[in-house]
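Peer 1: Sequence:
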Amino acid sequence: MSDTVTVTLPDGSEKRAARGVAILDFVREQIGAGLARAAFVARLDGELVDLSRPLERDARLEVLTAKSPEALAVARHDAAHVLASVVQRLYPGTQVTIGPAIEDGFYYDFARAQPFTPDDLERIERAVAEAIAADLPFVREEVSLEEARALFERLGETYKVEIIGDIAGRGARTLTLYRHGDWVDFCLGPHGPSTGRIGVVKLMSVAGAYWRGDARNAMLQRVYGTAFFDRKALEAHLARLEELRKRDHRKLGPALGLFAFHEVAPGSAFWLPHGTTLYNLLADAMRRLVTRNGYQEVKTPLLYDRRLWEQSGHWGVYRENMFLVLDKESDPALPVDQRLTMSLKPMNCPSHYLIYGMARRSYRELPIRYFTVDVLHRNELSGALGGLTRVRQFAQDDSHIFVMESQIPDEVERITGLMRTVYGAFGLEFSLRFSTRPTNPADRVGDDALWDKAEGALRSALDRLGLPWELNAGDGAFYGPKIDFVVTDSLGRKWQTCTIQLDYAAPERFDLSYAGDDNREHRPVVIHRAVYGSFERFIAILTEHYAGAFPAWLAPVQARVVTVSDRFEAWGQAVVERLRALGYRVEADASSDKLGAKIRAAQLAKIPYALVIGEKEVEAQGVSPRRHGGEDLKTMGLDAFVELLAREARPPY
RNA sequence: GCCGACAUAGCUCAGAUGGUAGAGCAACUGAUUCGUAAUCAGUAGGUCCCCAGUUCAAUUCUGGGUGUCGGCUCCA
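Under the numbering used here, the residue at position 294 of the first sequence is numbered 294, and the numbers go up by one with no gaps.
Any given hint might turn out to be false.
Unchecked claim - Quick list of simulated restraints, FRET-style, between CB atoms:
1. D448 - L644: 57 to 65 Å
2. R140 - L9: 17 to 25 Å
3. A236 - Q496: 22 to 30 Å
4. Q496 - E320: 20 to 28 Å
5. G32 - S382: 54 to 62 Å
It should be emphasised that the hints constitute simulated quantities derived from the structure, not laboratory data. Computed from a predicted structure; not experimentally measured. Note that beta-carbon positions come from the ideal geometry of N, C-alpha and C, so glycine has one too.
Take the sequences, apply the hints, and build the full model.
Peer 2: Here it is, written out as C-alpha cells:
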C-alpha cells in the first residue's frame, strides 16, 4: 500500500498527501494557511467530517468555512453540546438526552424534574458565552460500545445508555465520543474545531418535550437556542422573527377585521365582515375555476350515523378526532360510548361516495368530479390549536374524483394544472412531496396489494409530471398515498396546503362500480384533492404572504375616498355611490381629520387605493388615486379610474 | 392531552409590601376646512379572564378552571 493518497479538490485539481495526515494539516500545508484558519469542517467524499480526521484513502475533499450553511448547522450542534455541558455543571443531577441542530438553530432535551425558568435561561446563556470564550477544542474519540456503555452507566446517564442499546441493535460495534473541556457526549459528529469558533449563541425558549416524541414517555425539558457565526447574522435573524411577528395572521386578522376567536369556541373562527368578503371571493373564484374544469358542486349533510364512519374506516382509525353526538333516544343505561351514535363530518369523502353510489355509473361518465365547500369538524388536541392554521372547524375546497385506473395520470396532471393556476396567481412557489403508506398497519386501511398498486400509480403520474419531488415515507393518509404541495411564501416559509390522494380502498368499502365498455362492472379509483387545502389555513397564509395588504381583487375594501375637506364631501359621496353601483367595495372617510391623517389611516387599513378628492378633482369630476405603499397616480377622470380598478379587481382565475 | 409562560380599557402597555387602577392610540363631542403616513381641546370607557379559599380588605396571595402563546423526534 502506498504511503500517499490522492486528494481531489472541488476545482478538479489533485494533490498528494501523506497517508494518515489530518485534514487540517493537509489544508494548511498544501492549500494555504488562510483557508486552514477559516476552515470549519470538511466534506470528504460527500460526507461531513471533522478537520482532525486523517486522510486514509484517495478522496474528494471540500473545505467548508463559516460561509457554508452546513458549517452553520455543525456550529449549532456544537452549541448544543456547549449548552449541555454548562447545564450539567450549573444544575447537577440533570441528565442529557439528544440535542440536534434544527432549522434556524438547535435544541437540547434534558431530563430534570424541575423545569427551567426564564431566569435559568439567562444564567445558562451567560455560562455558554463563557464556555465559548474559553475556546475549548472538540476532541473526537472512537470507543467500543461496551466502553461507552460503562462510561455512561458510571455517569448515571440512563437515556444515553438507552440510545447506546439502540445503536447496538442497529449492528454498530463502535461509537464516537466528543469532548470539550472535561465534558463528554457521544455523537455522530462532526464538530467544529473548538467552542470559540461557534460565534454567538442565544437561547430562545424552554418547552416540555416527550422522550422520543411519545406522550407515553417521560416529559423532558427542552431548551431551544440559535447560534450564528457573527452577531450581525444573529441580529438579522431576530429582525426576521420580528417581521414574522408583525405579519402574524393572528395579529393582522383581528386588526383588519378579518376574523376573531372567542373563548367559548376554541379552534373555530368568527368570520368578521372583511374576512367573510375575502373568504367568499376565494370560494367564488375557486367555483368558477373548477366548474370550467368539469367539476360539479354538491352539498352534503354535516351529521351522520356512525354506520357511515364504520364503513369508511374512520370509526376505527379516526374516531379520536371526531366530534361525536349523543343520541337522546338511546337507552340511558348503556355506556356513553354506545350512546354516541352520530358524528359531525371530519371529511367530505364518504358523503361523495354515497352520491356516486346513488345511481348506476357508466365508464362514459368518468371522471366524475364532485366539489364541496362544507364545514368540517375535527377534534384537535386543545394544546395543538393555534390561529387559523390549527383549528377544529374549517372548510376545504374539497373534491373527490372517480376515475378509471387508466385515467389517473391525466387527472393528476389536470389537478396539477389547477395548482399552477392558483398558486401562480398569488406568486407562491410550490414543490412536491410524495407520501407513502403509514408505517404502522394499524394506522391504515386496505391490504398491502392495494397500497402497492396505489403507490405505483401515483409514482408513475409523478414521473410523468416531470416536476421534482421528494419522498416522505410513511406520511400517507390512512386510506391512500398522497402528493402534497408545499408552498413557499414571500418570507421563505413553507406550508403544506394542497394535496392529491389516491384511494383504491374506498371504492371497495363502498362497493362503488361503473359499467365498462365490456358491459361488466368495474371498480373506479378515487382521487381526493384540495387546492387551497382549507380556506382557513389558506387565508392565514395569504394574510402573512401579503402582510395583510391584499391585491385589489381580494381586498375587502378596494378603495377609500378621502376628501381634503368636507367642502368636497358631495363629490366624494357621488364617487362612492358610482363605484358601489358598479360592484366595487368602496367606503368614505367622513372624519374631520386632515388629509395626511386620512391617508395614514387608509394606509394602516391596507386598502389598495385612497382616492383623494379636493378642489381639482371636483372640477375634473375625477379622483387622485394613491396606491397603498405611496404611489401617487395623479388626477384622473372617474371613468379612467374605473377602468384601472376593473383591470386589477378581475379575479385571476 | 402533556410541560412551561402569560391574561389589566377596542389596541399597545404601565401599576401597587394586599387598601377596588392609569398613559398613548382608537372611540365619542366640539372647534378647525386643511392636498398625500398623525390638527387642537374635551368626554366617556374597567367584573384588572372565571370560580373558590385566606384576610377587616384580593386585580395583587393560595388552589381550581378557561383561554392564548411557545413547544411535545428534521431521532447519537
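Peer 1: Determine whether the Cβ-Cβ distance between R140 and L9 falls within the hinted range of 17 to 25 Å.
Peer 2: Given range 17 to 25 Å: holds, Cβ gap about 23 Å.
Peer 1: Quick one: are Q496 and E320 within 20 to 28 Å, going by C-beta?
Peer 2: Roughly 21 Å apart at Cβ, these two residues keep to the hinted range, so it holds.
Peer 1: Does the Cβ-Cβ separation between G32 and S382 fall within 54 to 62 Å?
Peer 2: For G32 and S382 the Cβ distance comes to about 59 Å; the hint holds.
Peer 1: Could you see if the CB distance from A236 to Q496 stays within 22 to 30 Å?
Peer 2: Given about 27 Å between the Cβ atoms, the range holds.
Peer 1: Given the hint of 57 to 65 Å, check if D448 and L644 actually sit that far apart at their C-beta atoms.
Peer 2: holds (60 Å)
The structure agrees with every numbered hint stated previously.
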